[in-house]
Every structure is written in C-alpha cells, then in structure tokens.
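Protein chains: 2
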Amino acid sequence: MTNEIGAWVFDAYGTLFDPLSVRAAAEAMFPGKGEALSRLWRARQLEYTWLRALMNRYADFWQVTRDALTFACRSLEIECEWIQQEELMQEYLRLEIYPDVRDGLNHLQGHPLVILSNGTPEMLEYVVAHNRLDRTFAAVLSVDKVKTYKPSPCVYQMAVEQLHLPPNQIGFVSSNYWDAVGATAFGYQTVWLNRSGAKPEELGVSPGSTVMALNQI
Amino acid sequence: MTNEIGAWVFDAYGTLFDPLSVRAAAEAMFPGKGEALSRLWRARQLEYTWLRALMNRYADFWQVTRDALTFACRSLEIECEWIQQEELMQEYLRLEIYPDVRDGLNHLQGHPLVILSNGTPEMLEYVVAHNRLDRTFAAVLSVDKVKTYKPSPCVYQMAVEQLHLPPNQIGFVSSNYWDAVGATAFGYQTVWLNRSGAKPEELGVSPGSTVMALNQI
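Which chain is which? The protein sequence lines are A and B, in order. For the first sequence, this note's numbering gives the first residue as 1, with consecutive numbering after it. For the second sequence, this note's numbering gives the first residue as 1, with consecutive numbering after it.
Possibly wrong hints are sitting among the right ones.
Cβ pair distances, simulated, as ranges [unchecked claim]:
id, chain 1, residue 1, chain 2, residue 2, range
1, A, Met212, B, Glu35, 30 to 36 Å
2, A, Ser209, B, Glu87, 32 to 38 Å
3, A, Leu93, B, Glu125, 49 to 55 Å
4, B, Lys145, A, Ile78, 26 to 32 Å
5, A, Arg39, B, Leu20, 18 to 24 Å
6, A, Glu4, B, Gly32, 48 to 54 Å
7, A, Ile78, B, Met89, 37 to 43 Å
8, A, Gly197, B, Ala213, 41 to 47 Å
9, A, Ile217, B, Glu35, 26 to 32 Å
Lysine-lysine pairs mimicking DSS-like chemistry, simulated, CA-CA at most 30 Å apart [to be verified]:
id, chain 1, residue 1, chain 2, residue 2
10, A, Lys147, A, Lys33
11, B, Lys199, A, Lys33
12, B, Lys33, A, Lys199
Simulated coverage check for chain B against chain A, where a stretch passes if three residues somewhere in it have a Cβ under 8 Å from a Cβ of chain A [unchecked claim]:
id, stretch
13, 48-59
14, 105-116
15, 147-160
16, 177-189
17, 202-211
Note that these hints are calculated values from the structure, not bench results. Heads up, the beta-carbon is just placed ideally off N, CA and C, and yes, glycines get one too.
Chain A extracted, bound-state conformation:
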C-alpha cells in the first residue's frame, strides 16, 4: 500500500455475507433447483441495480432483490407462492458470513471498519446482527442515502464524507471484481478478495491487490 490506511471499508454481499447461502433454503423448497435459483437470483439482483442506476430509476435493494427473485422463479419455471417468496426473502436477512470473515476482521481491528453496501439500512442491520457483528463496525453505510448503486462514484464518495479521509487513505475490500474496480477508479486503495479463484475481468482498471482470504490483507 502506497499511503497510510486510515480505515477499512467492506462490501457486504458476496464479500462478508454469502448470497448463495440461500441455496439450502431454496433447495429444501424446490428440490433440484436450489443452486440454479440462488445463482440466477443473485445475477439478476446485480444486473437490476446497474440498469436501474443507469436509467435513474432507483428502487431500494429489498425491492430489487424481490424483483430478481420473481424473475429467477419465472425464468426457471418455478411456481413460487407468495409465502414461499416471503420465506426466501427472509433468508436474505440471515445470510451466513464466509468462514474467513471473523478472523479477518479481528486482524484489521486497529482501524475503523465500515460497511459500504447496496443493501438497505434495514437489510444490513439484520444481517449484521444475525452474524453477531454489531460491535465490529464503526459505521454501516447504505446506498439508499444517495439513491443509486455501485459502481457509481456517488456511492464511494459516501465513505469519504463519513470518514473525513481522502480516497487514497481508504482501504476497500470487495469480492465483486467490478466493485473493486469501481472503488479503484474512484481513488481508494483496493483489495480484490478472490476466494473462488475467479478470473479477473477486463474493465480497463485493475484492483490494487488480490488476496484469497480476508486474513491475508
């Protein structure tokens, strides 16, 4: 790292909390389709945030997550009753943390730790509390304040204002390559947390560094 890091900022979904941990509930509900449903649900959830941000048609992440689930069920020809959809949505408030998260966060406790997420304040509050991380973070920042989505620079600007630090003194961690790229383009010092050994994308900008687990930072 070229500059002193003043705080660590983390993406939530896909980085701390595993969106695919809904697959067990989905599989129990729709045997043989849990994996496909959870993957398509997540893929459309992200696509819809990008498209709505570009159209200037913000709807909050709870709505977008519900819309993505509706589409994923329709696309996979799964008949999902209202009550089943509600149950799957509730799963989003109980997402599991990845196995390396607790250790990794402890390791970085010398700095203020902050979440910067597409999620609504309520969604984030629940999932943080569910995983007993209430006291870990100095702040939990939601895009809902600026009514757009990552990787819009408006989102990354939120942590600058919250922390009173210039972008190059903010360390940012995301497992979503495009999010790490957006944060790099904004000026953060970035770490791509590549647990799955995914191939880097081609977006003209690269994350500052890459690790395989959170405690390697």
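Based on the hints, put chain B in the right spot on chain A.
This is chain B only, laid out in the frame that chain A set:
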C-alpha cells in the same frame, strides 16, 4: 399505439444483427466451444457497457467488445492468439441479420427508419453495408457521440434531437428487454421484439407492446 408514430428507431445488436452469428467462426476456431464463447462474449460485452457507464469510464464499443472477448477466452480457458482474436473481432463487422429483418423493415418504410446503437459509427457502418441496408436508414446514431451507454437517458435523447420529434412520437424496437424498458422510461413508444420467447424481466417498467417478429409491428 396511443400517439401517431413519426419515426421508427431500432436497436442494432440483438435486434437487427445477430451477435451470436459469430458462433460458427468461433466453433471453427475452437471446436466444441463456439456456443459458450459467443454467449459469454455477448454477456460480458453488455455488462461492461453498464459498468463503464456507471463508473463514468467510457471506452468505445469496439474496445469493450474486444475486452469482453479477452475475458470470455480467459474464463473458458481458450488460448486465443492475437490473430485469432482479430479474426473474431472482424466477425462483428459481418454479423448476420435475423431472418425477419428485411421484410419487417420494408413493412415500416413509410416512416423514417433510424438505428440507435451502442456500436461505434465504424462498426455500424460496416455491419449495415455488409447486410446491404445502406439505403434503408435515414440515420445511424451511435452512443459514441454522448460517451455513455444504454439505458442512460442521454442515449435515447439523441434520437429526439436527430428527429425533432417528442419521445412519445418515436417508435422504438429492441429485442433487449432492458433496452426496451430504458426507452419506455424515457418516454418512447416501445416494442419488445421477443423472437426467442424469453421471459420478461422485472425492472419496474414494461415495454409498450411485445411482438415475436419484426413484421408483426
């Protein structure tokens, strides 16, 4: 249609020209992988336009298309030599039109016909000429003028200025659901050309109407 249509505006890639028509060349080059390569190439091409537009990091569609091909090969572990990549890129200038296009456009010739596309002016010029449609269109509009991508409202505004028509007198046709939605949100009268029988997405806005072939408009 509620208002008189003053002109018809068409999306290019996926609507008039088939991006998956590269699959034959890809298959000849990398046997058994042509289908997967052409699909992943197209998927990332779109994603990269959305992400770059959101990051305010515009690169033109030729660059984005090349980047998407680079990633698709990497992801599928295809060793694509420089000259092979050049050959596949050239295929993008020779995309085939869908079988219903010529008839469908003839059917609408009473109005000015316009292309409004993510493609660069050069890419569009080549693919239009390759398909002998040079004399069909009153104008071919490229996002390169406004340096962003669909579904940004700035893109749809271009046809309003070119045609001197209010949005609700512009008929817009796209096979890309999200593009039809973006155009609807902007105020065009829109038609989703759903040749493949795809399921509608959930983006909070719906296209004005849906047809299965261009000559059904």
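Hints, verified against the model:
1. A:Met212 <-> B:Glu35: 30 to 36 Å: Given range 30 to 36 Å: holds, Cβ gap about 32 Å.
2. A:Ser209 <-> B:Glu87: 32 to 38 Å: holds (35 Å)
3. A:Leu93 <-> B:Glu125: 49 to 55 Å: holds (52 Å)
4. B:Lys145 <-> A:Ile78: 26 to 32 Å: For Ile78 of chain A against Lys145 of chain B, whose Cβ atoms are near 43 Å apart, the range 26 to 32 Å is violated.
5. A:Arg39 <-> B:Leu20: 18 to 24 Å: holds (22 Å)
6. A:Glu4 <-> B:Gly32: 48 to 54 Å: holds (51 Å)
7. A:Ile78 <-> B:Met89: 37 to 43 Å: holds (39 Å)
8. A:Gly197 <-> B:Ala213: 41 to 47 Å: holds (44 Å)
9. A:Ile217 <-> B:Glu35: 26 to 32 Å: 39 Å Cβ-Cβ, so the 26 to 32 Å window is violated.
10. A:Lys147 <-> A:Lys33: At roughly 33 Å apart (the allowed maximum being 30 Å), Lys33 of chain A and Lys147 of chain A break the hint.
11. B:Lys199 <-> A:Lys33: holds (18 Å)
12. B:Lys33 <-> A:Lys199: With a Cα-Cα distance of about 18 Å, the restraint between Lys33 of chain B and Lys199 of chain A holds, given a limit of 30 Å.
13. 48-59: Check passed, 10 qualifying residues.
14. 105-116: violated (count 0)
15. 147-160: Coverage by chain A holds here, the residue count being 5 at a Cβ distance below 8 Å.
16. 177-189: Coverage by chain A holds for the stretch 177-189 of chain B (4 residues, Cβ < 8 Å).
17. 202-211: holds (count 4)
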